[in-house]
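Chemist: Here is how the chains run, residue by residue.
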Amino acid sequence: MPMHGPARGASDMVPFAACFPFEDIRIMALEHADVLRAAHLARLGLSEDDAAHYLDDLGRILEMVDQLQALDTEGVAPLAHPLDATQRLRADEVTETDQRDRFQRCAPAVEQGLYLVPRVVE
Amino acid sequence: MQWETVIGLEVHVQLATQSKIFSGASTAFGAEPNTQACAVDLGLPGVLPVLNEAAVAMAVQFGLAIHAEIPEVSVFDRKNYFYPDLPKGYQTSQMYHPIVGAGEVEITLEDGSTKRVGVHHAHLEEDAGKSLHEDFHGMTGIDLNRAGTPLLEIVSEPDMRSAKEAAAYLKAIHSIVTYLGISDGNMAEGSMRCDVNVSVRPEGQESFGTRAEIKNVNSFRFVERAIEFEVERQIELLEDGGEVIQETRLFDPERDETRSMRTKEEANDYRYFPCPDLLPVVLDAAYVDHLREALPELPDEKRARFQGELGLSAYDAGVLSASRAMAEYFEAVKDACGDAKQAANWVQGELSGALNREGLAITDSPVSARQLGELIGRVIDDTINGKAAKQVFQALWHGEGDSADAIIEAKGLKQVTDTGAIEAMIDRVIAESPAQVAQYRDAEPEKRGKMIGYFVGQVMKASRGTANPQQVNQLLKEKLDALC
Amino acid sequence: MHDKTLTELAACLAAGEFTSRELTESLLARIDRLDGEINSLITVTPDAAREAADRADAARAKGEAGPLTGLPLAIKDLFCTDGVLTTAGSRMLANFVAPYDASVVERLKAAGTVSLGKTNLDEFAMGSSNENSHFGPVKNPWDLAAVPGGSSGGSAAAVAAGLVPAAMGTDTGGSIRQPAAFCGITGLKPTYGRVSRWGIIAYASSLDQAGPMARTAEDCALLLNAIAGHDLRDSTSVARGVPDYTEELAAPLSGLKIGLPREYFGDGLDPEVESAVREAVKVYESLGATVREVSLPHTHYAIPAYYVIAPAEASANLSRYDGVRFGHRCEAPTDLIDLYERSRAEGFGEEVKRRILIGTHTLSEGFFDAYYKKAQQVRRLIRQDFLDAFEEVDVLMGPASPTPAFDLGARKDPVSMYLQDIYTIAVNLAGIPGISVPAGFAGGRPAEGRPVGLQILGTHFAEARLLNVAHRFQQATDWHLRRPAFAEENA
Chain A
1 MPMHGPARGA
11 SDMVPFAACF
21 PFEDIRIMAL
31 EHADVLRAAH
41 LARLGLSEDD
51 AAHYLDDLGR
61 ILEMVDQLQA
71 LDTEGVAPLA
81 HPLDATQRLR
91 ADEVTETDQR
101 DRFQRCAPAV
111 EQGLYLVPRV
121 VE
Chain B
1001 MQWETVIGLE
1011 VHVQLATQSK
1021 IFSGASTAFG
1031 AEPNTQACAV
1041 DLGLPGVLPV
1051 LNEAAVAMAV
1061 QFGLAIHAEI
1071 PEVSVFDRKN
1081 YFYPDLPKGY
1091 QTSQMYHPIV
1101 GAGEVEITLE
1111 DGSTKRVGVH
1121 HAHLEEDAGK
1131 SLHEDFHGMT
1141 GIDLNRAGTP
1151 LLEIVSEPDM
1161 RSAKEAAAYL
1171 KAIHSIVTYL
1181 GISDGNMAEG
1191 SMRCDVNVSV
1201 RPEGQESFGT
1211 RAEIKNVNSF
1221 RFVERAIEFE
1231 VERQIELLED
1241 GGEVIQETRL
1251 FDPERDETRS
1261 MRTKEEANDY
1271 RYFPCPDLLP
1281 VVLDAAYVDH
1291 LREALPELPD
1301 EKRARFQGEL
1311 GLSAYDAGVL
1321 SASRAMAEYF
1331 EAVKDACGDA
1341 KQAANWVQGE
1351 LSGALNREGL
1361 AITDSPVSAR
1371 QLGELIGRVI
1381 DDTINGKAAK
1391 QVFQALWHGE
1401 GDSADAIIEA
1411 KGLKQVTDTG
1421 AIEAMIDRVI
1431 AESPAQVAQY
1441 RDAEPEKRGK
1451 MIGYFVGQVM
1461 KASRGTANPQ
1471 QVNQLLKEKL
1481 DALC
Chain C
2001 MHDKTLTELA
2011 ACLAAGEFTS
2021 RELTESLLAR
2031 IDRLDGEINS
2041 LITVTPDAAR
2051 EAADRADAAR
2061 AKGEAGPLTG
2071 LPLAIKDLFC
2081 TDGVLTTAGS
2091 RMLANFVAPY
2101 DASVVERLKA
2111 AGTVSLGKTN
2121 LDEFAMGSSN
2131 ENSHFGPVKN
2141 PWDLAAVPGG
2151 SSGGSAAAVA
2161 AGLVPAAMGT
2171 DTGGSIRQPA
2181 AFCGITGLKP
2191 TYGRVSRWGI
2201 IAYASSLDQA
2211 GPMARTAEDC
2221 ALLLNAIAGH
2231 DLRDSTSVAR
2241 GVPDYTEELA
2251 APLSGLKIGL
2261 PREYFGDGLD
2271 PEVESAVREA
2281 VKVYESLGAT
2291 VREVSLPHTH
2301 YAIPAYYVIA
2311 PAEASANLSR
2321 YDGVRFGHRC
2331 EAPTDLIDLY
2341 ERSRAEGFGE
2351 EVKRRILIGT
2361 HTLSEGFFDA
2371 YYKKAQQVRR
2381 LIRQDFLDAF
2391 EEVDVLMGPA
2401 SPTPAFDLGA
2411 RKDPVSMYLQ
2421 DIYTIAVNLA
2431 GIPGISVPAG
2441 FAGGRPAEGR
2451 PVGLQILGTH
2461 FAEARLLNVA
2471 HRFQQATDWH
2481 LRRPAFAEEN
2491 A
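Protein chains in written order, with this note's numbering: chain A, 1 to 122; chain B, 1001 to 1484; chain C, 2001 to 2491.
Mixed in with the good hints, there may be bad ones.
[Stated by the list, open to error] Taking lysine to any residue and the SDA-like style, the derived pairs with C-alpha atoms no more than 20 Å apart in a straight line are:
#, chain 1, residue 1, chain 2, residue 2
1, C, K2004, C, D2047
2, B, K1215, A, V120
3, C, K2373, A, T73
4, B, K1130, A, T73
5, C, K2282, C, R2262
6, C, K2373, A, P118
[What the hints assert, rightly or not] Every beta carbon over 10 Å from chain C, so not counted as near; a handful from chain A, in silico:
#, residue
7, D34
8, D57
9, D66
10, Q69
11, T73
12, A77
13, V94
14, D98
15, A109
16, Q112
Because the hints were derived from the structure by calculation, they are not lab data.
In this text, a Cβ means the ideal position worked out from N, Cα and C, and glycines have one as well.
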């Protein structure tokens, strides 16, 4: 039960939550391993404890998101941009000059004009 | 068991634009590290991409050249993964709606036969930067000059059945993109790179075997060798009761083998979704027609014309149309001398031999097409004979003169066609060779033909190669036969 | 000087009552004295401000002053500012000095404005309370126990506290309109594509839009004149002429057709907020407008759709923060994965991580169709709701937020925080413009309670109409003239 779900402390409760006329529809319950997998894909270092903490939050966010499933969208074209505009093309001209020094001033580790990272094994 | 090889290629072609696909930074090769990586290429906070018109036009031209469908709408997607040479943490590419749809490429095999290889689609994307592994205190250096260079990724159908077919396909793609002028096709500089998908299956089986992807095979020769090794490896594995695992492998040209790239192998999930910073690219029919009209004559069309209109053999037409530079050189020679067959013989014979010996590209030939054409013209109009022509060619090659005529003049190679002068030389040779004349006289008439060679040689020698050989032959025969 | 509008200040500068330099000094001193309490600015740039003010005064002396010359303002710390710290409210960018100016910043500089500094915000613009800033929460000048709203909380609070007469904000799901409502100021979110996003640190690219926050609609019009327009560096920027937004401000409202979306007055709406909004609507009726109820049937799907689309886009937009070319890098990384994982774990705050994780999960293999594609389909339905409504009425009106500003620390549950944005989020999904104007108070404490914002929505590119409708309201009411006690006492 998403929005009607277990009370979470009075100050946390959303007064208008009850107005959401949704049914309980889940795509798939989020599991601990899903959180770890997402964290790994996103390269976010997460401890086991962090993951447990996020599992709870993310689970409830996804419960809310799952309400979309209640809507029949058969035949509706996805909308990626709010305006029905099309891509404008740029003329093939070199307009940029070398600004390496300027751009590397905010870089954490640079040598001989190269950005340094821990050794990459091919 | 008989095994069948199944090969598909993903060819990445760097497009020859001046600026990058989404920024105004230069794409020139070889600059100091990171001097051609602008704010957009670096993925600085707040930057946005704007699509390069030339990259779109080049991709469409390629599509038209392979008779592909050009969809009205194409869309850029983000392909998400982390790697230090990928500044934004995603590559802007086209997953669901590529700019070029299905098409096909005709390849010519060594025996002159042709085969059609399907192209599944071709899409635009941005190139990544480069990792430099020299030791910076145990660190790797990242150069992002290449980041954002436009790439056209051409994905074939799994239509190839041998390493030779794969190499021929790659050559065909190379020839198309260089003909179109949309890439310099320089594989050594990475302008054209190739990933090879290889699998084997028992002959007659319909379903494909498990494939291995060999990454970054960057020469025609390596493609063949990598495939040959990989096919052998897979067959051995299967015959020993093992299984091929789907994986990415790297070809090591020094050891002539492919090996597993496990480090990059961890489960990828690229989470493609439409790039919200770019809008759908809509190509109207007029734009596509305009690009179609601007297409140069393509290798297939050229080959057909060389065969049909110029009467060249299939083989000659194939060789001479293989690269735009070769075709253009040949056509310039042909126009200068007026004889396609002679031009074809010279370009493939004397010229190609000399270029190969010195490892030169045709664009670097010391003998220009005009010079060669004029030289051939002097053979055709009987000013010089074939032997002298070779001498003139060598002289032109070594820069001993500006034109065939000047060299012919300077070296006195002009052919002697004056019958009186030739007869005088023949009479002298006959007079000086009584024994040979006697042999000739005594021989049976059908054997005399061969014996005449000696006399021809002597006359040519006497003329220092300038006598017209056909005339010498004919006059000798008349005079010797008169003696019989 | 601190409680004047931009328009009034422009008149004073033009009349020579004081110089831009004097105005700048006065506000810098006020910031110095008061912002310790409010925490609305992350960076103050006094030197650059003085130089800009002097340049403006010199220009005026030469007779080259434009409508905004010499006027001070502040800029949300999400806009890149050349040579100035640009943090996005994040530890990740705590030391990032941007090497270039955002398009909006360039335009504001070119117009002769004087930026006093960069305003606080929820980290990477993710939040509705400004409690997610690495640089600490911002307090609401109307009640220091209350949040200013978010994510442009610093911009709203700085204007409300009289530290600057105007500030730039960005709005991805309500981040201009909700803090404007909470702080009793006027905030405009233009049509998607009206203002260039070049140089604005991206949160959700298909939703982000920059806009002005000021005391009045008239001031917002002045600022929109300066920042709106096509920008070749932003592919989503629209090539469409920019009208003079001040021209139609005073046009009469007789015959204006107002729609009240049924779904914006349902359960969960604070009764005092509702009555303030309904009172405001009555003012419009008295000005000659007609009112009818309309329906936006997919309203309740806006938040679920948004929490798929925005985190998905954000998860990719924030991948560039990897500790390699800029931003936070962890100490002594042992290998590449360690560099990424620790730099990002240390650099991002909790809400940002939450959204990156959600976006990563919903885009991952097997979930894309069920989440992302579905959300985009719903997005079309939501846009269609608005387009249908605008066939019948000229503007829509309703509350900007279901409640007035809540207490700092009161909303700990992320979902309840998200639901807060129920009236603003659909607007971003549809890409239409919206403005929030002060329309009363609720809560009854301290003296007057906390401000309530009336939200007015129009169809794509109807900014001039929205500003006109808002301006006429401000001609008829004085809610926008009220100042918090904090600002008055410290005058």
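Chemist: Take the hints in turn and mark each one as holding or not.
Modeler: Structure-based check of each hint:
no., hint, in the structure
1, C:K2004 - C:D2047, "23 Å, violated"
2, B:K1215 - A:V120, "17 Å, holds"
3, C:K2373 - A:T73, "10 Å, holds"
4, B:K1130 - A:T73, "44 Å, violated"
5, C:K2282 - C:R2262, "17 Å, holds"
6, C:K2373 - A:P118, "38 Å, violated"
7, D34, "6 Å, violated"
8, D57, "6 Å, violated"
9, D66, "8 Å, violated"
10, Q69, "7 Å, violated"
11, T73, "4 Å, violated"
12, A77, "6 Å, violated"
13, V94, "15 Å, holds"
14, D98, "13 Å, holds"
15, A109, "7 Å, violated"
16, Q112, "15 Å, holds"
The structure shown violates the earlier hints numbered 1, 4, 6, 7, 8, 9, 10, 11, 12 and 15.
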